[in-house]
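Residue numbers (numbering that gives the first Met the number 0), protein chains in the order written: chain Y, 0 to 428; chain V, 0 to 428.
What the hints contain is simulated information worked out from the structure, not anything from laboratory work. There are no misleading hints in this set.
Which copy is meant is left open, because identical chains are indistinguishable; a pair holds if it fits in one copy or across any two.
In silico EDC-like links for lysine to aspartate or glutamate, alpha-carbon gap of 16 Å or less:
#, residue 1, residue 2
1, K352, D366
2, K67, E145
3, K371, E215
4, K183, D194
5, K67, D192
6, K38, E145
7, K98, E83
Just so it is clear, the structure is predicted and the values come from calculations on it, not from any experiment.
What follows is the residue order along each chain.
Number of protein chains: 2
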Amino acid sequence: MNIPQSNFPRVVIIGGGFAGIALAKQLRGEELQVVLIDKHNYHNFQPLMYQVSTGGLEPDSIAYPLRKVLHRYNNFFFRLAHVETVDPEKQCIHTNIGKLDFDYLVVATGSCTNFFGNTNLEKHAMSMKTIPEALQIRSLILENFEQAVLTNDLQKRNALMRFVIVGGGPTGVELAGALAEIKKGILPKDYPDLDIRKVEIELIQSGDRILPGMSEKASSKAEEFLEDLGVRIWKNTRVTDYDGHTVKTKTDLEFEAATLIWAAGVQGACIQGLDAENLMMRGNRLAVNKYNQLEGYDSIFAIGDIACMASDSCPRGHAMMAQPAMQQGKHLGKNLRLLLRNKPMKPFQYKDKGVMATIGRNKAVVDLKNFKLQGIIAWYVWMFIHLYFLIGFRNRAIVFINWVYNYIRFDREARVIIRPYQKDYSEFR
Amino acid sequence: MNIPQSNFPRVVIIGGGFAGIALAKQLRGEELQVVLIDKHNYHNFQPLMYQVSTGGLEPDSIAYPLRKVLHRYNNFFFRLAHVETVDPEKQCIHTNIGKLDFDYLVVATGSCTNFFGNTNLEKHAMSMKTIPEALQIRSLILENFEQAVLTNDLQKRNALMRFVIVGGGPTGVELAGALAEIKKGILPKDYPDLDIRKVEIELIQSGDRILPGMSEKASSKAEEFLEDLGVRIWKNTRVTDYDGHTVKTKTDLEFEAATLIWAAGVQGACIQGLDAENLMMRGNRLAVNKYNQLEGYDSIFAIGDIACMASDSCPRGHAMMAQPAMQQGKHLGKNLRLLLRNKPMKPFQYKDKGVMATIGRNKAVVDLKNFKLQGIIAWYVWMFIHLYFLIGFRNRAIVFINWVYNYIRFDREARVIIRPYQKDYSEFR
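All chains, full assembly: derive it from the sequences and hints.
Written out as structure tokens, the structure is:
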């Protein structure tokens with residue numbers, strides 16, 4: 000891997016997401032050699048990915064070059080690589096570009112989509128965990144309408160214009176809201192030959208309310224907002240099958256739809272070598288103690304979505320979101336600095352800064368620690384917080400310009416199919 | 000293709016580039032049915048593509064949704080399709096989404112890369128005629144450096160950091176300049192473990208000066224600017240072969256390079272059915288008369304790069320550039336309106352508005368009709384003109400923000416590998 004030998008201990012961080020970057024920033028200037036490994040050369044601001052999927056933002060504006068994060072950090076190395084296995088006993092990792100020894104290893108690999116073993120869903124549903132996936136959803140949405148203008152069979156046309164979103168968490172809710180805005184503002188002008196009232200957005204949730212991670216008030220307000228926008232919400236409903244055409248559920252409810260977006264489950268993105276049963280928790284996450292250490296390995300840590308720090312107050316670990324990831328990354332950085340100075344590490348304590356979701360134009364729900372907001376002020380809070388946490392001045396400026404333009408013009412101009420998704424449309428002709 | 004019958008004559012335009020859009024705009028409000036067909040759903044602002052390749056701009060900011068161009072135009076239809084053949088006798092076209100009859104056909108298919116039959120070059124060289132191709136170049140440039148940090152074999156490392164650009168026209172010159180700026184401003188910070196002085200940009204031109212379509216003064220100034228930036232210019236040199244590793248020329252000059260960008264030739268993007276020998280000119284272009292009509296077909300026209308309007312003053316037709324395309328599109332629109340009113344058409348006359356190329360920060364060459372400029376004022380003129388012709392307020396704003404940011408910060412933040420190019424690096428390890 001061609002990393003020079005150093006007199007300082009080597010920390011290898013796998014993953015440049017929220018957790019990995021927060022950690023790296025804490026280690027600047029320490030007597031350490033830091034190697035950051037990621038399979039992409041950019042940090043990806045996942046909370047805005049649904050806007051890439053729906054033509055509101057360009058992918059580059061939510062991506063930030065990882066090498067730029069490490070500018071002017073001495074003894075920091077970035078490598079673009081896939082980690083294949085970890086050997087915790089020999090303290091080394093094996094990647095597609097070679098082997099690397101470590102003194103400390105931090106696993107910050109995040110999460111990936113969980114289809115719960117349903118291979119049909121895995122094959123035909125769209126997921127949205129990476130930027131290429133978000134772009135595929137964008138292409139598919141647009142291609143569906145291009146296909147819909149070609150048929151006069153109304154049933155097929157309606158199936159092309161039906162979007163089934165599975166999962167009522169923030170991702171599903173935000174996607175449904177964005178699609179509803181497109182239906183209102185853009186489609187009637189872009190497709191004057193289609194009856195756009197027939198576009199249906201179906202949001203399917205297995206539990207009895209959407210946004211189950213938020214307050215009851217937020218859930219009910221979000222439902223109200225979505226229904227005002229024409230989204231149909233199906234609660235207590237589980238999707239069991241999808242063949243690219245028909246969505247089946249546990250009951251006799253079925254949908255004919257060219258699009259199913261799966262936002263109903265994530266799991267830890269585990270690495271071979273650390274996937275032994277004693278290390279893993281529910282949802283493929285690595286069990287860690289309150290110092291983010293793996294059971295039995297003093298020098299191996301996990302932070303962010305992949306880490307499950309179970310406690311009495313939080314038996315399934317923290318939510319797989321940006322906030323716990325950033326806080327764990329920062330905290331582990333401080334702990335490693337203590338470790339270097341032979342001081343005892345401090346236990347991690349999560350500071351809940353709140354949860355929020357946007358539904359559409361002027362509509363969001365925000366649960367902060369001390370107060371809850373819904374509506375237009377929540378929407379401004381949502382935008383401000385997202386701009387604030389987005390990395391890089393240019394990205395902020397570009398996102399801001401896009402938002403202002405989209406708001407004033409009721410528009411989303413990134414509705415371009417750069418690389419087609421090429422769905423098999425034979426059943427929709 | 001599901002286009003409704005209409006009482007008005009049907010004009011089919013193939014291609015939504017500069018020519019096709021300029022034509023469509025002229026036909027608004029006429030007693031015509033207009034069908035615009037393109038294989039992409041966006042108009043692509045080709046003059047800024049090299050900035051996408053070099054991480055200065057996001058692809059979406061130079062793409063504009065074609066359906067949006069046609070908003071509020073009555074009796075206009077857009078279809079996303081590949082035209083397979085034209086049947087000029089039966090007055091119909093065959094596409095991947097079905098057949099369509101026409102009363103008037105306008106071929107505005109533009110141009111594609113010409114490798115002059117060299118299959119090795121076609122296989123291993125990068126071309127830059129579409130946005131996906133521009134993104135592939137961006138990925139390859141970045142992947143080369145990620146590969147270069149992995150080897151200590153200096154010869155291999157230098158080959159990974161050598162960029163051979165073939166063709167000294169505006170595309171080649173602008174790409175070489177942009178790469179030289181990246182070498183200066185970004186690479187030393189992104190890759191502190193590489194000796195960036197070893198990055199070589201080789202610009203190869205078959206003729207005895209670069210920018211042969213411009214004045215002698217512009218050529219010599221552009222050469223001076225490029226050489227100041229460290230670009231090596233090889234004149235009177237022809238590339239004959241490239242296997243992905245070694246670039247061969249007509250002489251014994253050779254380069255070891257992981258990247259060869261081919262900007263040395265374009266040809267008309269002809270369609271089957273119109274490729275009969277009597278219709279074609281040198282460079283695969285369709286011969287047209289001064290009304291842009293095809294020889295022998297009163298109702299078939301060609302405009303833009305694909306059209307070759309040879310005359311005594313211009314025996315090989317107009318340059319394959321945006322200006323002649325826009326002017327021909329607009330002029331043909333006016334002629335079709337005359338035709339509808341049974342009035343005689345007017346011959347096309349090209350108004351040469353000048354040619355320009357940018358070389359790098361504060362450096363451009365501009366040949367206008369009455370005066371010629373080089374240097375910083377030319378650079379401002381170049382930027383102003385390009386922003387002016389870019390379609391869409393949002394695109395202009397985003398490009399402007401990027402330029403200001405890149406200028407102030409000596410930066411280009413779109414250096415992200417969204418979809419890897421995945422070159423075979425086995426000879427570079």
